[in-house]
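Asker: If you read the protein sequences in the order shown, they are chains X and V.
Under our numbering, the first residue of the first sequence is numbered 1, with each subsequent residue one higher.
Under our numbering, the first residue of the second sequence is numbered 214, with each subsequent residue one higher.
The reader is advised that the hints may include incorrect statements.
Think about it this way: if two alpha-carbon atoms lie no more than 30 Å apart in a straight line, the pair counts; the simulated DSS-like pairs of lysine-lysine are [what the hints assert, rightly or not]:
(1) X:K75 to X:K32
(2) X:K204 to X:K75
(3) X:K30 to V:K244
(4) X:K206 to X:K75
(5) V:K264 to V:K244
(6) X:K30 to V:K264
(7) V:K369 to X:K32
(8) V:K264 to V:K369
(9) V:K264 to X:K32
(10) X:K75 to V:K244
(11) X:K32 to V:K244
(12) X:K204 to V:K369
(13) V:K264 to X:K75
(14) V:K369 to X:K75
(15) X:K206 to V:K244
(16) X:K30 to X:K75
(17) X:K206 to X:K32
(18) X:K204 to X:K32
(19) X:K30 to X:K204
(20) X:K206 to V:K369
Note that these hints are calculated values from the structure, not bench results.
Note that the structure is predicted; figures quoted are calculated from it, not measured.
Each chain, written out:
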Amino acid sequence: MTGIISDNVGRPSGLIKAASGGTSTGAWTKIKTLTAGADSTLDFVDGTDDVVLDSTYPIYRFSFINIHAETSGEKFTVNFRDGGSAYDATKTTSYFLAYQDEAGSGDAALSYITSKDLAQSTDAQPIAQDTNVDNDASISGYLHLFNPSSTTFVKHFISNTQSMTLSSGNPYSYQAFVTGYCNVTAAIDGVQFSMSSGNIDSGKIKLYGLGDS
Amino acid sequence: MSGIIAQNTLDNSGLVKAPAGGSDAWTFISKTTASADATVSITSGIDSTYKLYLITLKDVHRADGSEAWLGFNLSTDGGSNYDATKTSNLFNTHHRENDTSASISYNDAQDLAQSTADVNISTGIELGVDSDASLCGTIYLYDPSNTTFVKHFLIKTAFMSYYSANPWTVNTNVGGYANTTSAVDAVQFKMNSGNIDAGDFCLYGLTT
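Chain X with its partners taken away, still in its complex shape:
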C-alpha cells in the first residue's frame, strides 16, 4: 500500500481501503445491534433481520451494554435454539460470582452458585446477578459462543458480566462468570436474551463475528 491511503492507516480520519472480507475493519465484524425498549426478549436468529449466526464465523461475541431491567430481583438470561423455533437447547453450565458491596463492609467474596448452574436442562441460563431497577443500575459484559454451526461437537460458551445489584437494600458490584455447553450436535442458529420475569427495559446487545481467514 502506498501514497495517501497508506498514510491514513491508523488515523481517525481520511480514506482507507475497505476491509477485506466485509463490513468492518479488523477480524471482528459487527453483525447486528439490538436495542431494547421494554422488550420481553431480544432474539438473534440466523437469516433474520440481517443476522448471521452460521458457519461464516467460528466464534461469535455478544456484547451487553447497560442492560436495564424493568423488574427488580430478576435474572438476565440466555437460551439457544437448536432446531425448530423453541429456545430450548439442553445445557450443562457452571456459575460463579465475585462481589463487593459499596459500603466496603467486608461483604466481598468469590462464590459458586449452585442455584444458577444447569445440569442437562433446557431452562434459560442466568448470566448476571439479580437485576436492580435503580436508574443508574445496569448490566454490561459479553458472551462468546464457539462454532455454533458445528454438527460434530457440543457448543461451548463463556460469559462474563458486571452489574450493580441490590442485596438487602445495599448496592453491590457483582461479576458473574458462566461457562458451559449446549449438549447438542445440531447447529445453534438462534440466541435469545430475556429476563426471568418482566421486560428488558433498555440497553443494547451487539453481535460480532470473528473471522479466521
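Given the coordinates of chain X, work out where chain V should sit on it, guided by the hints.
Answerer: For chain V alone, coordinates are given in the frame of chain X:
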C-alpha cells in the same frame, strides 16, 4: 455519507472512511488446523507488529488414548525450544451433567512457580474423547516482543471432560507470565500424552 464512499461501505474493496477514533482492530494473522498432530506450533507472526495478541482455540479434540490434558508453552528462540520460565495461577469451575458435583477451586497442583513445564490449560483434567467433546477458549499474550518486562498471558477455556464416565463442563482460568525479558516469538500446544486429533488455532493481533 454520500457518493462513492457511501457506495463502498460494506464492500470488500475500494475506499472507505477511516473509523472514527482510529483503527483499533483485531487483525487475523494465521490459522493452524490440527490433524492427529503431536504438537501445534505458531512460529511466525508473533513479533513487535502488535502489542497484544489473541489466540483462539476452536473445538480442540484429542485422540483416543490415556487420560490427557492440553498444555501451552512459549519460546524465545523462534520455536527451537518451548521452555520459557513461567509463574502462573489457575482456578477452575466444574459441573457434572448428572448434577452430582459442582464447584470452583484454586488448583495448586496445576499452577507453576518458575517452571519451564507446559501451562496446563485444561486444569489437569482429561479432555473428553467422545466424538462430540472438545475444548474452546482464548489466550491473550501481552507485548511479547518487549525486552524490558516479563510477558503476561491470560487464558480462559471451556471444555467437556469425563470422570468416572460422567461428563462435566469445566472452565479453566489461567493468569501468568513468562519470566523473561527476552522476546517471545513462538508458542506451542501439545497434549501431555497422545496427539491433538483436531482443532483450529487462530492468531490475531490488535492494532492500537
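Asker: None of the hints should be skipped; say for each whether it holds.
Answerer: Verification of the supplied hints:
Under the criterion of a C-alpha separation no larger than 30 Å, the hint pairing K75 (chain X) with K32 (chain X) is consistent with the structure, at around 23 Å. Taken as a hint, the K204 (chain X) and K75 (chain X) pair is honoured in the structure, with Cα atoms around 17 Å apart against an allowance of 30 Å. Between K30 (chain X) and K244 (chain V) the CA atoms are separated by roughly 21 Å; this keeps the pair inside 30 Å, and the hint holds. For a cut-off of 30 Å, the pair hint linking K206 (chain X) to K75 (chain X) stands: about 19 Å separates their Cα positions.
The hinted pair formed by K264 (chain V) and K244 (chain V) meets the criterion: a straight-line CA distance of about 19 Å does not exceed 30 Å. Restraint check: the Cα-Cα separation between K30 (chain X) and K264 (chain V) comes to about 23 Å, which is no more than 30 Å; the hinted pair holds. Distance check on the hinted pair: K369 (chain V) and K32 (chain X) sit about 26 Å apart at the alpha-carbon level, within 30 Å; holds. A C-alpha spacing of about 19 Å is found between K264 (chain V) and K369 (chain V), which places the hinted pair at or below 30 Å, so the restraint holds.
Distance restraint check for K264 (chain V) and K32 (chain X): the Cα-Cα separation of roughly 28 Å lies within the 30 Å cut-off, and the hinted pair is therefore satisfied. Taking the CA atoms of K75 (chain X) and K244 (chain V), the gap is about 38 Å. The hint is violated against a cut of 30 Å. Proximity of K32 (chain X) to K244 (chain V) is assessed by CA-CA distance (about 26 Å); at most 30 Å being required, the pair is judged to hold. About 25 Å separates the Cα atoms of K204 (chain X) and K369 (chain V), which keeps this hinted pair within 30 Å; it holds.
With a C-alpha separation of about 38 Å, the suggested pairing of K264 (chain V) with K75 (chain X) is violated against the 30 Å cut-off. In summary, the hint linking K369 (chain V) to K75 (chain X) is supported, as the alpha carbons are separated by about 24 Å, within the 30 Å threshold. Between K206 (chain X) and K244 (chain V) the CA atoms are separated by roughly 25 Å; this keeps the pair inside 30 Å, and the hint holds. Under the criterion of a C-alpha separation no larger than 30 Å, the hint pairing K30 (chain X) with K75 (chain X) is consistent with the structure, at around 26 Å.
Simply put, K206 (chain X) and K32 (chain X) have alpha-carbon atoms about 6 Å apart, close enough for the 30 Å limit, and the pair holds. For the proposed pair K204 (chain X) and K32 (chain X), the alpha carbon gap of about 10 Å is at most 30 Å, so the pair holds. For the proposed pair K30 (chain X) and K204 (chain X), the alpha carbon gap of about 13 Å is at most 30 Å, so the pair holds. With a CA separation close to 22 Å, the supplied pair K206 (chain X) and K369 (chain V) stays within the 30 Å bound.
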